[in-house]
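K.L.:
Going line by line, the protein sequences match chains A and B. Taking numbering that gives the first Met the number 0, the leading residue of the first sequence gets 0, the next gets one more, and so forth. Taking numbering that gives the first Met the number 0, the leading residue of the second sequence gets 0, the next gets one more, and so forth.
Keep in mind the hints are simulated off the structure, nothing from the lab. Bear in mind that the values here come from a model prediction, so they are computed numbers and not experimental data. One or more hints might be untrue.
[What the hints assert, rightly or not] Straight-line C-alpha distance at most 25 Å; calculated DSS-like pairs for lysine-lysine: (1) K207/A / K280/A; (2) K373/A / K132/B; (3) K151/A / K280/A; (4) K373/A / K49/B; (5) K366/A / K356/A; (6) K372/A / K29/B; (7) K366/A / K49/B.
[To be verified] Non-contacting residues of chain A with respect to chain B, defined by C-beta distances greater than 10 Å in every case (computed): (8) L11; (9) K29; (10) A67; (11) K121; (12) L134; (13) T144; (14) T152; (15) D163; (16) P227; (17) N375.
Where a beta carbon is used, it is the ideal one built from N, C-alpha and C, also for glycine.
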Amino acid sequence: MVTSYYFSFWLLTVFAIGANVICLTDRDVKITGLEFLGLSFLIGIPALSIQFFLAGIAGVHFSRLIAALPWGMVTLYTLVAVRPWQEKRFSFGLRRMNLFEKGLSGLIGFELIYTFFRATIKPFESYDAVAIHALKGKMLYFLGTIPRDFFKTLGDHFQGVHPDYPLFLSLAETSVYTFIGSFNERMAGAVLPLLLAAFIAVFYTALKNEGLPRIEALLAVFILVSVPQFNAYATNGYTDLPCGIFFFCAVAYAYKAFTRGNSLFFFLSFVFMLFCLWTKKEGQALACIVVLTMAVYGIRHRRLPVSRAFISRGGAVVMIFLCLGIGMFFKATAGLTNENFNIAMIHPDAIRAGLEKIPPILYEYQKHLFGFKKWNLVWILALIVLCADPRETVRAMRGYILFSIALFFLFYTGMYMFSAVDIHFLLRTTGARLLLHILPVVVFLTALGLRKYRIAGRVRG
Amino acid sequence: MIIPSRSIITVFFILWCVLWLNFIGRDLAKGHKAAEYAGLLSRDDEGKRKIVYGSELYDYLVFVRNNIPPGASYEMVGLEGDSLEYRRAAYYLYPLLPATNADYVLVYHTTTYARPGYARTAMLNEADYILRKQ
C-alpha cells in the first residue's frame with residue numbers, strides 16, 4: 000500500500016516535470032489532450048533520470064525531496080504564471096467511436112495491459128538488464144549517489160558491464176527505488192511499459208495531426224504495438240525501445256516544425272535528441288541524423304520563416320554538440336571507452352576489412368525484412384508502400400523522414416563495418432534490436448504514405 | 000501507382016491479426032509461458048525469482064548470501080563469466096562484489112575444487128559450497 004502510494008508520487012513527479020516543460024515553452028497551446036499527457040511522461044522520465052545523474056555527480060544523496068522539491072516550486076510558478084487550467088491543455092476532444100475503432104482500441108489496450116503484465120510479473124532477468132542497466136540501477140540505489148570511483152568500481156569488478164553506457168534506464172530505475180524507498184524490481188519494471196503507453200499517445204496524435212482519420216491512426220498504432228519484437232522490448236529492461244521512441248519523437252517534431260513552421264517543435268526535437276544521447280551509445284548517431292536532416296531542410300528552404308527559425312535555433316544545435324562534447328570529456332576523464340565501436344576504429348585497414356562485412360550485414364537486413372516471426376509483416380508492408388511511388392515520397396515533405404531512414408541505415412551499417420567485434424556475433428546479438436530504433440519512424444512514414452495513396456485513389460476513382 | 004485499396008488493406012489486416020494471434024498463442028502454449036505466468040502469479044517476489052533463475056541457482060545464491068558477511072568479495076567457479084547465470088548471480092549478490100584474489104570462492108556445480116590458501120567453510124551439497132581465504 001505504502002509502495003503504491005510512493006509509486007504514485009513518482010508518477011506525479013515525472014508527469015509534473017514534463018507538464019511544466021510543456022506549459023512553460025508552449026505558450027500558444029499547440030500541445031493538448033492526449034499528446035500533452037503522453038509527452039509529459041516522455042519528457043518527465045528521462046529528465047528525472049538526468050536530474051538524478053547531476054545530483055549524483057555533485058555528490059548529493061538521492062532522495063524524494065531532492066527529486067520532487069525543485070519541480071514542486073516550478074509547478075507553483077507555472078500554476079500562477081501560466082494558469083494551465085484556463086487553457087485548452089486538457090481538452091481531449093473525444094468523439095463517439097464506431098465498432099471497428101472500438102475494436103482497434105480494445106486490441107491496443109489488450110496489448111498494452113499484456114505488456115505491463117509481462118514486465119512486472121517477474122524480476123529483471125534478461126542479459127543486458129542484469130549485466131548492465133538493472134545492475135547499475137541497483138548499485139546506484141544502494142550507494143545513494145554516484146561516488147567518484149563508481150565507474151572504476153564497475154569496470155574493475157564486473158565483466159561486460161559497459162561502464163561507458165549512458166545511464167538513462169539505470170537512473171530511471173534508481174529514481175523508482177528512491178521514491179518507493181525499497182529495492183522493488185517489479186515497480187522499476189513498469190518504467191518501460193509506461194514509456195510505451197506514453198509513446199502510443201504521442202504516436203497516435205502525431206498521425207492524427209498529419210490528417211489521418213482516427214480509424215487509420217488507430218490501425219497504425221495497433222500495427223506498431225503488436226509487432227512482437229517491439230512490445231517484447233518494453234518488458235525486458237533493455238534500452239532499445241526508449242531509444243527508438245525518443246528518436247521517433249525527435250524526427251516527428253522536426254517534421255512537424257518543417258510542415259507547421261513553429262519553432263516550438265524544433266525545441267522539442269532537440270530535447271528528444273538529448274534524450275537519445277542519454278539513452279544509448281547509438282543515440283549519438285541518431286542525434287546526428289536528425290541534425291543533418293534539419294540542416295538539409297534549412298539549406299533547401301532557407302528563405303522560409305521556419306528555416307530562419309531553425310537558423311536562429313542554431314544555438315540548440317551547438318547545445319547538442321556541446322552535450323556530446325561534455326559527455327565525451329566526462330568519459331575521457333573517467334577512463335571510459337566503448338570497446339565495441341569508437342572513432343579510433345575508423346582507419347584505412349578497417350575500411351578494407353569493413354567492405355568484406357557488407358554481405359553478412361545485408362544478409363542480416365533481408366533476414367529481418369522477410370522474417371515475420373519477430374516483425375510480423377511490418378517491413379514488407381513498409382517496403383511495398385515506400386516502393387509504390389518513391390519519387391512522390393522523395394518530393395513531398397515526407398522525403399525528409401525517408402532521408403532520416405536512409406541516414407540511419409548508412410550510419411548503422413557503418414558502425415557494423417568498423418566495429419572491432421566479430422561481425423557474425425555482433426549481428427546475431429544486436430541486429431534485431433537495433434532495428435527497433437528506426438521501426439516507429441518507418442511505421443509513421445508508411446502510415447503517411449498509405450494515407451496519401453488512399454486519397455489519390457479516391458480522387459482518381 | 001495506387002496499390003492499397005480498401006479490400007487489400009482489409010485482407011492485410013486480417014492476415015496481420017492471424018499472425019499476431021499465432022505469435023501470442025505459440026508463445027503462451029509452445030513456449031510454456033502460460034504455465035510460467037500461472038506459477039509466477041501465485042508466488043511472492045523471491046518465489047518469482049526462484050522460478051526465473053531456476054531453483055538450483057537460486058537456492059545456491061540464497062545459501063551464499065546467508066553464509067558470506069556483507070562487504071565481502073567473492074570469486075565464482077563453475078559458471079562461465081559471460082553466461083547469463085553468472086550475470087544473474089552477480090546482480091543478485093550485489094552489494095557483495097566479485098573480485099580476483101577474493102575473500103571467498105563460490106563453487107557451483109563442481110565436485111572437486113580446491114585452492115591453496117582457501118578452506119571449505121559452508122556446504123549446500125557435494126557440488127555446491129563456499130571456500131574461505133585462510
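K.L.:
Which earlier hints can't be squared with this structure?
P.N.:
1, 2, 4, 7, 11, 12, 14, 16 and 17
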